[in-house]
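Colleague: With the numbering used here applied, the sequence shown corresponds to residues 30 to 203, in that order.
There are no misleading hints in this set.
List time: in silico SDA-like cross-link candidates among lysine to any residue, alpha-carbon distance up to 25 Å:
{"hint": "1", "residue 1": "K126", "residue 2": "D200"}
{"hint": "2", "residue 1": "K125", "residue 2": "Q141"}
{"hint": "3", "residue 1": "K180", "residue 2": "R202"}
{"hint": "4", "residue 1": "K180", "residue 2": "R131"}
{"hint": "5", "residue 1": "K126", "residue 2": "H181"}
{"hint": "6", "residue 1": "K180", "residue 2": "S136"}
{"hint": "7", "residue 1": "K180", "residue 2": "P95"}
{"hint": "8", "residue 1": "K126", "residue 2": "E76"}
{"hint": "9", "residue 1": "K180", "residue 2": "V119"}
{"hint": "10", "residue 1": "K126", "residue 2": "V195"}
{"hint": "11", "residue 1": "K125", "residue 2": "R73"}
{"hint": "12", "residue 1": "K125", "residue 2": "G142"}
{"hint": "13", "residue 1": "K180", "residue 2": "Q152"}
{"hint": "14", "residue 1": "K126", "residue 2": "A198"}
{"hint": "15", "residue 1": "K180", "residue 2": "Y111"}
{"hint": "16", "residue 1": "K180", "residue 2": "L81"}
For each label pair, taking beta carbons as the anchor points, the in silico distance ranges come out as:
{"hint": "17", "residue 1": "Q56", "residue 2": "W128", "range": "30 to 40 Å"}
{"hint": "18", "residue 1": "L115", "residue 2": "G142", "range": "14 to 24 Å"}
{"hint": "19", "residue 1": "P95", "residue 2": "A117", "range": "29 to 39 Å"}
{"hint": "20", "residue 1": "E179", "residue 2": "T134", "range": "11 to 21 Å"}
{"hint": "21", "residue 1": "T54", "residue 2": "D167", "range": "17 to 27 Å"}
Since the hints were made in silico from the structure, they are not lab data.
Just so it is clear, CB atoms sit at the ideal spot from N, CA and C, and this is done for glycine as well.
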Amino acid sequence: MINDLRGRVRQTGQFLGAWVRPVSTAQAAPYLSEQEMALFVQMRRPEQQHHLRVLNDLLCNGYTHPALLKAALLHDVGKTRYPFGLGARVMVVLVKKFWPARFATWSQGSPQGWRRPFVVSAQHPAWSAEMARAAGSDGLTQELIARHQEKHSSTSDAEFAGLLSVLQAADDRS
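Can you make the complete structure from the sequences, with help from the hints?
Modeller: Right under this line is the structure:
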């Protein structure tokens with residue numbers, strides 16, 4: 030639990046410092062179609078930097094599967110539908126960690142009012158996959174995006190399970 034919180038504190042620092050660090054959207058371009066790139070540039074600067082860190086983590090560890098790299102760059106794009114600030118992000122992380130039953134309840138329904146960040150946190154994988162599908166992403170990319178938050182995901186497809194596990198680990202490290 031301490032390592033989890035340490036990681037979240039690091040992510041908060043990255044979010045706060047995002048505005049002074051450059052974003053190389055050109056780094057994402059070789060891995061995305063024109064329509065997918067349009068999704069990538071919709072994200073706010075901290076999210077773009079996060080996605081590029083996930084991409085770089087995968088590349089540095091020798092992963093080159095095209096669907097995996099696309100998923101690394103687009104897995105949170107659904108959050109652009111209903112953006113929210115740092116305070117709400119911190120609140121979501123704390124509630125999810127310490128009161129998971131409340132998180133499960135509060136994340137149901139439409140993303141309005143005080144429940145908005147909880148609903149977005151829970152629903153953004155599905156929204157991200159929908160947006161990727163509309164941009165022409167392949168089925169494997171869509172599935173990786175849709176399931177990137179599932180812990181202990183069950184599947185009989187060993188390749189998919191391996192790619193999902195690698196994506197989740199890189200996302201957690203970022």
